[in-house]
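Engineer: All chains, full assembly: derive it from the sequences and hints.
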Amino acid sequence: MKQSLRQMITCHWTAKRIQRYLDADPSAPLTAEEVARLEAHLAECERCTRVTEEHRVLHRALSLWPGAAVPDQRSVERVRSFLDELTDGSRS
Amino acid sequence: MDDARARAFREHVEPEIEVMLRVALSLTRERADAEDLVQESLIRALRALDSFDGRHPRAWLLTIVRRTHLNMNRRRRPDPVGDWDVLGDQRPAFGAGTAPSAEQAHLDATLSSRLTDALEDLDPKFRSVVVLVDVHDLSYAEAAAVLDVPVGTVMSRLSRARNRLRAALGPEFLTPGRPA
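Protein sequence lines correspond, in order, to chains A and B. Sequential numbering of the first sequence, starting at 1, is according to my numbering. Sequential numbering of the second sequence, starting at 93, is according to my numbering.
Derived Cβ-Cβ restraints for the label pairs, each shown as a range:
(1) GLN7(A) / ASP240(B): 38 to 44 Å
(2) TRP13(A) / GLU122(B): 43 to 49 Å
(3) PRO29(A) / ASP215(B): 26 to 32 Å
(4) PRO29(A) / ARG166(B): 34 to 40 Å
(5) GLU33(A) / ASP209(B): 36 to 42 Å
(6) ASP215(B) / VAL35(A): 28 to 34 Å
(7) ARG166(B) / GLN7(A): 53 to 59 Å
(8) THR245(B) / LEU30(A): 17 to 23 Å
(9) TRP13(A) / ALA124(B): 46 to 52 Å
(10) ILE9(A) / PRO242(B): 24 to 30 Å
(11) ARG56(A) / SER205(B): 16 to 22 Å
(12) ALA40(A) / ASP128(B): 50 to 56 Å
(13) HIS12(A) / GLU264(B): 21 to 27 Å
(14) ASP215(B) / GLU53(A): 23 to 29 Å
I should point out that these hints are in silico values taken from the structure, not numbers from a laboratory. C-beta atoms are modelled at their ideal positions from N, C-alpha and C, and glycine is treated no differently.
Structural biologist: Shown next as structure tokens:
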């Protein structure tokens with residue numbers, strides 16, 4: 001009982017940090033201690049490991065999502081030409 | 093124009109042209125409008141260069157894109173559309189982008205379709221943050237600059253958005269073959 005309560009608390013603690021762990025965003029880094037505790041928990045908790053995997057798959061699916069508005073290369077080139085005009089003569 | 097100033101401006105801007113166009117496209121939905129928006133933003137950015145501290149050029153430029161978009165909307169439309177209402181309320185134009193890469197071609201069609209439905213069901217304020225961070229790969233701070241909200245708000249909306257998407261898709265789509 002004591003063990004499962006501790007496990008539940010750690011699952012809750014992990015759930016609150018798992019996205020920051022996966023994102024590794026410079027605005028909200030986990031400490032080395034937090035990373036170590038989280039990884040140790042993932043090594044023994046099937047449920048949290050599954051949630052982590054779901055987040056990974058979701059992120060990958062979103063990064064490949066075909067509905068994203070992606071600029072074509074011609075647009076990029078036209079804006080680059082505009083930048084050239086704006087900073088005329090400064091190209092090295 | 094002073095050469096050093098122009099060179100500094102180019103160094104800040106050139107690597108960010110594509111991400112500026114991505115965000116502009118999300119805001120305008122039209123390629124020509126997105127280019128106009130980015131060009132107008134570059135003019136404003138150049139004027140504001142002296143007050144830029146040189147840190148986080150992407151966030152600086154995206155903030156200018158957002159403000160320019162709001163100003164252009166005010167000028168053009170008697171009834172302005174809120175910036176992320178545009179992204180939030182329209183179904184994305186499939187096939188409007190460049191040809192899909194080989195990797196994109198292999199994104200499971202059923203998952204892709206379910207994902208679109210799940211994104212549509214999200215509240216626009218949750219959808220916009222997940223599109224910026226997960227689809228367009230912006231950092232929390234860059235998404236905060238585009239949306240004009242604190243980083244903490246980006247994080248909480250992102251967390252809720254992703255958890256709703258996970259719940260909507262279910263483990264059978266996200267981790268098939270793995271016992272639930």
